[in-house]
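Q: In the order they appear, the protein sequences are chains P and D. Each number in this note's numbering comes from the position in the first sequence (counting from 1) with 26 added on. Each number in this note's numbering comes from the position in the second sequence (counting from 1) with 26 added on.
These are computed hints drawn from the structure, not numbers from a lab. A few of these clues could be false.
As the list makes no split between identical chains, a pair holds if one copy fits it or if it spans any two.
Straight line, CA to CA, 25 Å or less: simulated DSS-like cross-link-like pairs of lysine-lysine [stated by the list, open to error]:
#: 1; residue 1: K69; residue 2: K134
#: 2; residue 1: K37; residue 2: K69
#: 3; residue 1: K65; residue 2: K37
Protein chains: 2
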Amino acid sequence: MERIPILRMGKFLLVTIQVDMHDRLAMTLQDDLTSRIVKDRAKGVLIDISSLDVVDSFIGRMIGETAAMARVLDAETVVVGMQPSVAITLVELGLALPGVRTALNVEKGMALLTGADTL
Amino acid sequence: MERIPILRMGKFLLVTIQVDMHDRLAMTLQDDLTSRIVKDRAKGVLIDISSLDVVDSFIGRMIGETAAMARVLDAETVVVGMQPSVAITLVELGLALPGVRTALNVEKGMALLTGADTL
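Isolated chain P, as found in the complex (with noise of 0.2 Å):
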């Protein structure tokens, strides 16, 4: 269990980031995202981090630049779920993750890629 699963819905892929990202983790993740958006043409990318109670500089930035990989791939990403107290520590350490957008909940996060105003 040395990855984290992508899962493909329609023209988007799901990330459910549930454990403790380790640098090597957080790598192969990428490596295998940006691989997976020009195998399956994804049009977006939705990075689930409900799970996640805390979140240190390290994560922080994986993400940022994991969304920016994906731009320059033409997938746009949506951060889905993070709890409050996550949003506090990103904005206190700086990385108010610019370019990213984020959504209540993946069903939202769908709608905003899919570009329905059902919100």
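Starting from the known structure of chain P, arrange chain D on it as the hints suggest.
A: Coordinates of chain D only, in the frame set by chain P:
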């Protein structure tokens, strides 16, 4: 991070199992899932086990039990992403998951639940 997140996708719930299940985590998952089925009036549950390389009888039983619980709450369970080695082990353990439907990936599992014949 002592909970496995349950994501809502329309009328269905999605659970991605990425970590080693121990007793307490499995119990928490079953509690959370049954509560969410009732609260969200879910009609189906997708359990993604694509990141599990190995299963033991505990996980096998847990999946079977969870599916049975969902069924009595009127939600259908589809196990998706099972690796060949896991299928072999489950059958060898005598846990052929009766009554549990399976699909290759989340997308196909979702199609199975919605009754779409786009398989």
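Q: Please go over all the hints and tell whether each is borne out by the structure.
A: Taking the hints in turn, this is what the structure says about them:
Taking the shortest Cα distances, K69 and K134 sit within 25 Å of each other both inside one copy (16 Å) and across copies (19 Å). With identical chains, the CA atoms of K37 and K69 are at most 25 Å apart both within one copy (6 Å) and between copies (23 Å). Taking identical chains as interchangeable, the C-alpha atoms of K65 and K37 lie at most 25 Å apart only when both belong to the same chain, with a minimum of 11 Å there against 29 Å between chains.
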